Amino acid sequence: MNTTELTVHELVEKLENNELTIKDITKAYVDRIAEKEPEVEAFATTLTSEAVEQAKSIQTKIDNGEITNKLAGIPIGIKDNICTKGIKTTCSSKMLENFVSPYDATVMEKINEENLINLGKLNMDEFAMGSSTENSAFKTTKNPWDLSKVPGGSSGGSAAAVAANMVPWALGSDTGGSIRQPASLCGVVGLKPTYGLVSRYGLVAFASSLDQIGPITKDVTDSAMLLNIIAGHDEKDTTSANISKKDYVKALMGNVKGLKIGVPKEFFGEGINEEVKKSILETVEKYKELGAEVEEFSLDIAKYSLAAYYIIACAEASSNLGRFDGIRYTYRSPNAKTLEEIFKKSRSEGFGAEVKRRIILGTYVLSAGYYDAYYKKAQKVRTMVMDEFNKGFEKYDLIITPTSPVTAFGIGEKSNNPLEMYLADICTVSINVAGLPAISIPCGVDSKGLPIGMQIIGKKFNEETILNAAYSIEKEIKFREKYKPEFIRES
Amino acid sequence: MKVSKEELLHIADLADLNLDDSEIDNYLDNLQDILDFADIVCNAPVEDLDITIGANEAKNVFRKDEVKEFDNIEGLLQNAPSLELNMFKIPKVVQ
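Chains as they are written, first to last, in this note's numbering: chain R, 2 to 492; chain W, 2 to 96.
Don't read these hints as lab results, they were simulated from the structure.
These numbers come from a predicted model, not from an experiment.
Cβ atoms here follow ideal geometry from the backbone N, Cα and C, with glycine treated the same way.
One should not assume that every hint holds.
Restraint-style ranges between C-beta atoms, simulated for each label pair [as the list claims (entries may be wrong)]:
#  : chain 1 : residue 1 : chain 2 : residue 2 : range
1  : R       : 258       : W       : 46        : 35 to 45 Å
2  : W       : 38        : R       : 487       : 35 to 45 Å
3  : R       : 54        : W       : 57        : 15 to 25 Å
4  : W       : 96        : R       : 324       : 51 to 61 Å
5  : W       : 86        : R       : 320       : 27 to 37 Å
6  : W       : 34        : R       : 24        : 52 to 62 Å
7  : R       : 40        : W       : 25        : 32 to 42 Å
8  : R       : 54        : W       : 89        : 52 to 62 Å
9  : W       : 25        : R       : 482       : 51 to 61 Å
10 : R       : 239       : W       : 89        : 20 to 30 Å
11 : W       : 25        : R       : 62        : 27 to 37 Å
12 : R       : 89        : W       : 55        : 26 to 36 Å
13 : R       : 245       : W       : 64        : 14 to 24 Å
14 : W       : 90        : R       : 149       : 41 to 51 Å
The whole structure should be built from the sequences, with the hints applied where relevant.
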């Protein structure tokens, strides 16, 4: 098998058996990026020459005994809204086109402590606002399964790069589905951890009460390994949970006997593609065969969650993005003469259409006269969504739904209709609204050969259960053995 | 709720954004569509529920109020669009 097709745990095994060296691995990825990046366009910044140098230096340190950790020298890709010291962090926005972070995000400090090699920063929807990566100010990433289709978003660059074997794994961020939906559309594994499990320090804020960083990987074992690295309390993030460190790889037992799984019928109704529905329900049947107890139940929150999500997320964004003022570290309009013009012209020229749309919506729902009708109501709906999930979790260990109502859609197909694009998040947003953990794993392909993702939702801080359930079914489905992206162009 | 052009311009002004004519038409349509969809929230059966602000328990997190040195001043300043004597430079605001 080609080196870039291996998972990280397979790469580590080959390093331990001296079948591969760090330099071999890095070179394989550098070559793969040279080959595939022109057609996939997943990267905002590539760091391939730096990676080659870093591989040499890490190898020397391993030879000298200075570095002993087993993941040293494994490459990774990072979504471009995670601050990387000395490297551009653009959020795929003209506003931050030349921004070089003066510090590392906490997750980057952890990645660097493990001596992972950063292959580059990955493209995204501008400020993580979107479900297709078409809102990047710089380029539109293509889906490796069909280059005429979107990779999903907002972590579309991360998911496409993993699917195209240009990075072995990547970090993404998820505010309303931005890890899980692109993972689903690109046939890879995406985990949104419980709110508070991973530090948000150094993640450029979109909606602070919903944002979470998480892994996008080829398989569930890699997801658990990357979560082991990035999870943990951080005093620099006041919403970071102070809970004891766990080993998520140990949780992968491969046994789901007696596990109680709830399947909410409302997530399989109107708007969900028939092929998606069929594939998920077939996978749920496999859980039964493995000894899990599966039951259908009612969880009628999807539409309420989606509306509340867009109110809350946009309100928080309108506040968070107030910091981009053209003064300290952002784009400044060359046409501005006064201080007020610096603010207004820099923001009007620096932000793209979707970002402005969401700032306006957020400002509207927070403004006098509408605050009670929209924002306060949305916060109450948030309570309702949490209560409904809690009721579900009194009976079930896990809840299973589709990740995305449809498989990958065409580039340009939804980009002129914001509301239709927002509906792409219908299955994922409620998880962020409630602060729960959820994973998307590929469970099959549709008649066009495009991947279908299944979402497994767990109780707060119970990543072990969803990872184990995902791992158990992954062994049955054998998705990676059966299907591979073909880089075709169907349109 | 119906959004007027005047309201949209007022909101854009509050958000420090200028909108050109095509953006005004476009955002008026979009905003109306999205707010019509969001009406489901206005009519949700949640009158008796408390509001939720964050995903987890709302509690204050305290730390000692100590000054700490940031060791990368050069890195901080290199992103500024205009500088003078290690200070961010803006147009004159006091006449």
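To see whether the hints hold, each was checked on the structure:
no.	hint	verdict
1	R:258 x W:46: 35 to 45 Å	holds, 39 Å
2	W:38 x R:487: 35 to 45 Å	holds, 37 Å
3	R:54 x W:57: 15 to 25 Å	violated, 41 Å
4	W:96 x R:324: 51 to 61 Å	violated, 27 Å
5	W:86 x R:320: 27 to 37 Å	holds, 32 Å
6	W:34 x R:24: 52 to 62 Å	holds, 54 Å
7	R:40 x W:25: 32 to 42 Å	holds, 38 Å
8	R:54 x W:89: 52 to 62 Å	violated, 34 Å
9	W:25 x R:482: 51 to 61 Å	holds, 54 Å
10	R:239 x W:89: 20 to 30 Å	holds, 27 Å
11	W:25 x R:62: 27 to 37 Å	violated, 58 Å
12	R:89 x W:55: 26 to 36 Å	holds, 31 Å
13	R:245 x W:64: 14 to 24 Å	holds, 21 Å
14	W:90 x R:149: 41 to 51 Å	holds, 47 Å
Of the numbered hints listed earlier, those contradicted by the structure are 3, 4, 8 and 11.
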